[in-house]
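K.L.:
Read off the chains here:
Number of protein chains: 2
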Amino acid sequence: MSLLLSRRDLSFMLYDWLAVESLCERPRYADHSRETFEAALDTSEAIATDKFAPHNRKSDLNEPTFDGERVHMIPEVGEALRAFCDAGLMAAAQDYDLGGMQLPTVVDKACMAWFMAANIGTAAYPFLSIGNANLLLAHGTPAQIDAFVRPQMTGQFLGTMCLSEPQAGSSLSDVATRAVPDAAPDAAGDPLGPRYRLFGNKMWISAGEHELSENIVHLVLAKIPGPDGKPVPGVKGLSLFAVPKRIIKRDGTLGERNDVVLAGLNHKMGYRGTTNTLLNFGEGRHRPGADLGLDPAAGAIGWLVGQPGQGLAAMFHMMNEARIGVGLGATVLGYTGYLHALEYARNRPQGRLMGPAGKNAAAPQVPIVRHPDVRRMLLAQKAYVEGALGLNLYCARLVDDQHTHPDEAARAEAELLLDILTPIAKSWPSQWCLHANSLAIQVHGGYGYTRDYPVEQFYRDNRLNPIHEGTHGIQGLDLLGRKVVMQNGAALAALEARLRRDLGRAQAGEDAELQGYALQLDTRWRRLLAVTRELWDSGDPLLTLANASVYLEAFGHVVLAWVWLQQAMAVKGDDDFAQGKRQACRYFFAWELPSVDPQLDLLASLDTTTLDMQEGWF
Amino acid sequence: MSLLLSRRDLSFMLYDWLAVESLCERPRYADHSRETFEAALDTSEAIATDKFAPHNRKSDLNEPTFDGERVHMIPEVGEALRAFCDAGLMAAAQDYDLGGMQLPTVVDKACMAWFMAANIGTAAYPFLSIGNANLLLAHGTPAQIDAFVRPQMTGQFLGTMCLSEPQAGSSLSDVATRAVPDAAPDAAGDPLGPRYRLFGNKMWISAGEHELSENIVHLVLAKIPGPDGKPVPGVKGLSLFAVPKRIIKRDGTLGERNDVVLAGLNHKMGYRGTTNTLLNFGEGRHRPGADLGLDPAAGAIGWLVGQPGQGLAAMFHMMNEARIGVGLGATVLGYTGYLHALEYARNRPQGRLMGPAGKNAAAPQVPIVRHPDVRRMLLAQKAYVEGALGLNLYCARLVDDQHTHPDEAARAEAELLLDILTPIAKSWPSQWCLHANSLAIQVHGGYGYTRDYPVEQFYRDNRLNPIHEGTHGIQGLDLLGRKVVMQNGAALAALEARLRRDLGRAQAGEDAELQGYALQLDTRWRRLLAVTRELWDSGDPLLTLANASVYLEAFGHVVLAWVWLQQAMAVKGDDDFAQGKRQACRYFFAWELPSVDPQLDLLASLDTTTLDMQEGWF
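Going down the list, the protein sequences come from chains U and W.
So in the UniProt record's numbering, spot 344 of the first sequence is number 344, and the numbers just go up one at a time.
So in the UniProt record's numbering, spot 444 of the second sequence is number 444, and the numbers just go up one at a time.
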């Protein structure tokens, strides 16, 4: 059995619960069937197992280095990436026209889950590139797509997202990178779009420099100076630019170096296989221009993508998918940790069970999986990781509906659901599957704390996920400050409708246990809605949002209870798998869901403890 | 201001709350005063700051290595240790007769806290040695004390505790190391005690090998074969032995190598400055004996400490202190992380506050300490680390009462309180101050995830603490399975008496807020007692103990609420410090204490979810 993910569980989620086969009725997926889905999963599992997993520890021990000129990393990363690209997986979800397979997003994400579970550091390169390509596909011109996207479909180029700066992490309105219109006469009419020169520094750019591909396409948020020559304050001033590491000549071949250079690598606690960079744009190290027939000059040459001032909107277009992707990464790190802990617990003899007459020291030791506290830790992990995987795949399924559902209203509904579920799909796995990794260490005891076992790396790798792509705190503000009130609560209403449909199914059935879950969930859901109203009725946004992180966490547990209820309703039969699903659901409702009650009490009290705390009092 | 610990907070706890000066009325501490306490704290803070903290990261980056013969480590460790020993701190709490200062334990622990906060890896060497020395002082003969303890008082020797084996971690009854009576005619009459040869492997031995001292005194749990030549099963067969790395000749000088050798270093996620070893006893690499006038032979020469079969009892004698020490280490890692996060939050500008009209993007950014969610994270850290430090010092104060209170009943009461509080003092900081370290990373955002900032190391270092000196699960079993029922509930009753005394003081006062806390705490305490009874009324120990970890956590939060109530009652005035204490107490009661309610509900339901989970269902 694989220690990366459970294929059995994936099959259950995809076919028994999420009815992914029904997508084949849609024109886009007409060539597909369960067999083609399984073939893609087979390929992914095989490459992940054979090419990604084996160098996961080696990447951790040998992080990329920078000699001032080039980045060096272990060769296995490039080899794994080539296997991934050769299998066509860069374009798995894309149009046939782009060389893609037109796989449904939900199947594509299930495939990607294998690579992230096997080696999150190496997997980051293709996944960032896929995000970059999707953004350009949505907002770029055909010429931009030809120049920047097609080479990414084969791995010839890779891509990044350049948002943060040293002084602008969570606060993107403070981005200071300037994009100055190119003064040359052809600049506005450049076939790749309006041409600019960029100047500034970008921080935390994953995959910002490496030798894994011929070129790197940076998608950069920058500000075009306003009429007064100054950048427009706030996010309204942000525009999006494509800035290749190497200039693409008019004949399509690669030319000179653009003026974007690596200023340094960040050295992290985990996730070490992925280069994380500080990039300098326009510092004059290179003076590009000649290969485009221009005067060589300092300044990174970039082409505007979409409209000026619409940069953040374009980025947000991709944000849901990027955030769900981060959540999926967190989930599968938790999942593989769980499987490793389970394997260890089944094979490690230690101690004896308590009997009515105490313990018999002369009896042989038992495998630790038989100790109730170890079972608690394993069952908790199972509940976290299978719940989180369910939520991530549910969201991926919604992406398919958003783009391909034949009914327009259903497409709009899917988009609303994605809007409100995304902060949960990102934050919940980042919190609880990280906790699962901690439990996986604990199951291993002292061995888990050593670098001879992989669980400590999962824990270190996973600690990034509550930070990047919007911190935990940012997700809370997004959920409570934006998503639950957007369009007069339309997203919240869409979620409620789905939830009520499932509660109704559970209540209408004959399974008393499911009815019980429905009742418990219904109680919390009503309370959550009431608390949401009370928070917004305060009339003071600072007060409303003060405890947004707690709101996020309570909302998350309620959503996960709903995910577990759905899984419990979807599972059939009485085999070990089905029993395990039911027991994990029992665990979630008995052990986890009740923790939201004191959280909701706190929120309902409009508690000002943290708001009242004065800086001088610390 | 120091980023290691708050001296202001220490002063408050020691003098305003725990009335440590009153200890000076006892004969043992008659030479002491607040001035001598402060002098010891000054020295500790200075050496910790100047000699321990500067190489904390360097130790992490350059962990000890083993060339097959010797262990190599950075020289700063030895230099720090020399400064520590030269200041007389190895013997700070010991008798004058041993070269000690006769400092009260509570002051000694406050001193030690500085070293652990500065560099937990280097601090581990003296602290393990102090534990070793204390055990020998309690159970060794005068000759053993002269031979093995006195050299540890100056750092000439260092000591270890050798309990675990590869196949016996939590389950000490499975220790397989054999101690065979030495066949030489003088063996029983050896001036150092009955002499044995030891054979076996010991795992996870911290400080098990190094070149920091002339000799290493291992205290080893091993089994003497019974009349049938076989080791006695269970813990009843365990005896304790002193096994020096180098033989001490009859004239007191150091002689040949004993037959205990390093088989390998464990490579850990954190705590890297401390060597953690697999030691082989009696594999024949050395054949000691000649320096004692014996025939050279394989087998590590060791001397019995205390009585045969009483090894675990002797170890348990020191277990409370060792476990409180682990808790203190966890606490101060959390504490220094908090201070680092606070410093960062006060200096890092990012974003703007929400006003009635939204945010003004043209205004300058504010320090992140002004964001409510950052304040939440800082206040949570403050509540965890100051609460935990309070509990650890409270326990240290009890150690003083246990040993030096003039009233015999009070000494017995202190021992009972220590028995029941130790699992909390060990586990609660290991859980919540580790969580504080995670919050410290989160406050730093991406920077906190890099190795350029110290918080990620604190987080990695602290992850050991829920594992060693009895895992979290073991602490739960100890608390629920042993401590709350010992002597017909005498320890629980002793704790209740103390708690009721404090509740009474709060209720009798005029502060409505304190009265409110007392009411909240009273409710939870009564519930906890009721749940304890319900658990034991089940009649099935497996069922009673199935959810012992949850019991431990709920019990811990109740105890910490009591600690916070005491601190809130002890703090006077209205300066920033006092306001901060009160706000942290408010936080604990509003945000933390209510989380025990669903835990107590779960326990009261005698939930069998984890017990019912079958191995095949995972």
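Certain hints may be false.
For chains that are exact copies, the list does not tell them apart, and a pair is met inside one copy or across any two.
Stated by the list, open to error - Taking lysine-lysine pairs in the DSBU-like style, the calculated list, with each CA pair at most 35 Å apart, reads: (1) Lys-359 / Lys-236; (2) Lys-359 / Lys-230; (3) Lys-249 / Lys-359; (4) Lys-249 / Lys-236; (5) Lys-230 / Lys-249; (6) Lys-58 / Lys-236; (7) Lys-572 / Lys-236; (8) Lys-572 / Lys-249; (9) Lys-359 / Lys-572; (10) Lys-58 / Lys-359; (11) Lys-572 / Lys-58.
These aren't lab readings, by the way, just hints derived from the structure by calculation.
Bear in mind the structure is a predicted one, so any value in this text is a computation, not a measurement.
K.L.:
Each of the hints needs a verdict: does it hold here or not?
P.N.:
Do the hints match the structure? See the list:
Taking the shortest Cα distances, Lys-359 and Lys-236 sit within 35 Å of each other only across copies (13 Å), while inside one copy they are farther apart (69 Å). Taking the shortest Cα distances, Lys-359 and Lys-230 sit within 35 Å of each other only across copies (20 Å), while inside one copy they are farther apart (77 Å). In this homomeric assembly, Lys-249 and Lys-359 never come within 35 Å of each other (Cα to Cα): the closest approach is 77 Å inside a single copy and 44 Å across copies. Taking the closest pair of Cα atoms, Lys-249 and Lys-236 come within 35 Å of each other only inside a single copy of the chain (32 Å); across copies the shortest separation is 81 Å, beyond that limit.
For the homomeric pair Lys-230 and Lys-249, the shortest alpha-carbon distance inside one copy (32 Å) is at most 35 Å, but the shortest distance between copies (82 Å) is not. For the identical chains of this complex, Lys-58 and Lys-236 are neighbours neither inside a copy (44 Å) nor across copies (45 Å), given an alpha-carbon limit of 35 Å. Taking identical chains as interchangeable, the C-alpha atoms of Lys-572 and Lys-236 are never at most 35 Å apart, the minima being 52 Å within one chain and 50 Å between chains. In this assembly of identical chains, the alpha carbons of Lys-572 and Lys-249 never lie at most 35 Å apart, being 59 Å within a copy and 74 Å across copies at closest.
In this assembly of identical chains, the alpha carbons of Lys-359 and Lys-572 never lie at most 35 Å apart, being 39 Å within a copy and 52 Å across copies at closest. Proximity of Lys-58 to Lys-359 under the C-alpha cut-off of 35 Å is found in neither arrangement, the shortest distances being 43 Å within a copy and 46 Å between copies. Taking identical chains as interchangeable, the C-alpha atoms of Lys-572 and Lys-58 are never at most 35 Å apart, the minima being 42 Å within one chain and 56 Å between chains.
In this structure, the earlier hints numbered 3, 6, 7, 8, 9, 10 and 11 are contradicted, and the remaining ones agree with it.
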